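S.K.: Chains A and B, in that order, give the protein sequences. Following the working numbering, the numbering of the first sequence begins with -4 at its first residue and continues without gaps. Following the working numbering, the numbering of the second sequence begins with 38 at its first residue and continues without gaps.
Hints in this document: simulated from the structure, not taken from any laboratory.
Calculated pairs, SDA-like style, for lysine to any residue (alpha carbon to alpha carbon, straight line, at most 25 Å):
#	chain 1	residue 1	chain 2	residue 2
1	B	K130	A	T191
2	B	K130	A	N193
3	B	K130	A	R120
4	B	K130	A	R195
5	B	K130	A	G194
6	A	K35	A	P77
7	B	K130	A	A293
8	B	K130	A	R289
9	B	K130	A	P(-2)
10	B	K130	A	R286
11	B	K130	A	P197
12	B	K130	A	F119
13	B	K130	A	A283
14	B	K130	A	W(-1)
15	B	K130	A	E275
16	B	K130	A	L261
17	B	K130	A	V259
18	B	K130	A	A258
19	B	K130	A	E285
Only some residues are given here: those of chain A computed to face chain B with a beta carbon under 8 Å:
#	residue
20	W(-1)
21	L272
22	G281
23	D327
With beta-carbon atoms standing in for the labels, derived distance ranges:
#	chain 1	residue 1	chain 2	residue 2	range
24	B	G199	A	V0	26 to 36 Å
25	B	R192	A	P44	49 to 59 Å
26	A	P369	B	E111	44 to 54 Å
27	A	G168	B	E196	48 to 58 Å
Model, not experiment: these values are computed from the prediction. Every residue, glycine too, gets a C-beta built ideally from N, C-alpha and C.
So the chains spell out like this:
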Amino acid sequence: MRPWVRSAAWSAAGAALLAVVVVGSAAIGPVRIPPETVMKSVLNAVAVPAGIETSAGGVGPLPIPGVGPLTIPSVDLAFASPFAFPVDSVHQQIVVGVRLPRILLAALVGFALASAGTVMQGFFRNPMADPSIIGVSSGAAVGAVAFIVFPAALSTTIALPLLGPVEVALSRGAGTSLFAFVGALVAAFGVYAIATRNGRTPVATLLLAGVAVQTFLGAVVSYLQLQAGESLRQIVAWLMGHLSGAAWSEVAVTAAVVPPLFAVLLAYARDLNVLLLGEEEARGLGIAVERTKRVLLAASALVTAAGVAFAGVIGFVGLIVPHMLRLVVGPDHRVLLPSAALAGGTFLVAADTVARSAAAEYPVGIITAAVGAPFFVYLLVTREVTEL
Amino acid sequence: MSADRSPPSSLPDTALSFGDAPLLSASDVAVSFGDLDVISGVDLRVEPGSLVGLVGPNGAGKTTVLRAVTGAVEPDAGTVEIGGDPAASLSAKQVGRRVASVPQATNLAFDFRVRHVVEMGRTPHLGRFDAHGVEDDAAVDAAMAAADVARFDDRSITEVSGGERQRVLLARALAQAAPLLLLDEPTASLDVNHAVETLELVRAFVDDGDRGAIAAIHDLDAAARYCDEVVVLANGGVRAAGPPESVLSASTVGAAFDAEAFVGRDPATGAPAVTAFPHSDVESRRVHVIGRGRPTARVVARLAAAGHEPSVGVVPPGDAAAGAAADAGATAVTAPPFEAPSEATLAAARELAADADATLAVGTAEGRPTTADGPAEVVGVADGPNAEVAAAADRVVPVSPDASGAELLDAVAATTADGE
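All chains should be modelled from the sequences, with the hints used to inform the complete structure.
M.R.: In structure tokens:
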């Protein structure tokens, strides 16, 4: 079968499974909601652009010479809901307002971590690599923990030259995410800069630079935890990974960042295959190796950063899911990358469902590790892994 | 891949052609790793239709030369032109369309199917969003058939043997359909059958006319048999270059490999056949050899390789000993068999024997001297006319037909030391 046909088949199967798990997860919770009600609620929430409507409150009136005062009306897209199933409004609110953002964030984060993990394992030609290997997770942790420990210092008044003093303040959640995102990218870029000489970035140097930076940032996080005082519990929760309290805005931001970057990674799937032969051979086969490596590193760092910014450090998804899928679909990244990404989303949705169904809510990172590690061991024992 | 099973037309078509421009032209190339100069002043040319063999001892820089051509290492000095254009001005993709490499060894960490690995050869011909087309499939099929890997196309590359893997990499390079083929020890882990078939395939590849190949080959006999030109590398520089018959001389090979070499003829192919011996560090002597046939030829070859100046006679023309003498550039006095040699011939042989520092009489297999007690008496050699030759010598040392090289050289050394 053609690789892209296989890819489409596996992706369709993965997407179907993800959809089933999403609906199932939305049905589970303190209030049990039948799956068909979940689907009706989701469809009710769908809004499509139906036309353009104008309203009076636009710009103006503007004094236009010769014409007189002109008021430009504001133009808005009008949305219409094509579906109107009769659903209990409480159920509707629970599904769409509470559960769905959390589930979709879990799906997106799992998708992001698994795709970045797949790329990193191929990039480093090492199945034990994961998205945190280039310092992304530790950088995110430093950023997030710093914001949690010193929130006041980060709400400042800046005197802008024209507009006068502007109060810049971030809400706690948004600030943590922003600082985590920025911290992740700074750490990844730092690792890349350390490992790059004369425009060449040897993979082995990159790996070791990643280890060094991770160790250093780990020390910084430990120090910050000592200074944390009251907010220590919050830090621990962030470091373990959590999806509680997810908002639609977070889903929207993640959805805007992750899929386009995933498309970039998928476009490089064949190059990633060739890179597995070794860099010198890849060059011989017409791959611009250093440029390809930069693209792959930048895209996976961004994808991972987007994944950890809202959800914190969730381990094992980026390590184990690509490995599991490689055993199932083989090493061809044209097939592996989309199927691993979708499986990552499915896995994290399922893990988070367990996390929030327990009597006391657990950080999802505990669940992913507790479920993932034994499954990994099961795979190793039952399937012959001849070579790494 | 004997020639009748895979005619050149079954190889993937090469789209690119550079007309009369050399496929590869490297001049004064130097590469150093840190303070270590690996190669320097290397000049190379690969013309369309020719197979160039790169030979030399381990560490001579053969692989580094090939890597400098592909751009895997950047030369510190000198220029590399591929198809008339400076390699540095070509993009990776352009180089991939012009040069296909068969690497020496690869460690494939992930278990790709064999066919998938060969398909990767098409990478330089595909845009980022192109799927494999009919042309790509045809090239992959042809390459797999030519390299004899189609039988296990669905096996994992990690499951095939080392030799099979090397042929998979050859198939990948053929699928790349580039006019210049670079091979680094292509026969290193192949059995004798596939080694010959691989070289026949490369020969067919270049005989097409527009294509060329350069191969690092450790097997000098194979290089002599298949290459149009041989470049001898030693200590990071080109020691000799040219047709195999002229380049693969005892002195060039001996100097390049720091060994004692004898270059004879392969009886089956007629190509130069190189035999290397360990160092003996003997003082050069004039040695006359009396005897016939292969045992005597062997003695002459070993003496010549050690730096002695052998001569032979009287032997029938066409005798193996006469052939060895000719290959060694030594004098052989010949006379037709079954008749008495002329007085002039005998005189010449007597003079050589008298002039020599030592004269060795090699026994025949039938008349093997007994060496159990005391000095052996040579039977069946110094009889007839050769008895006269032996009589002319100061001293004659009998040599068993299966004496080792070391015994031979010791005998010469002992004899000549006594004489001083």
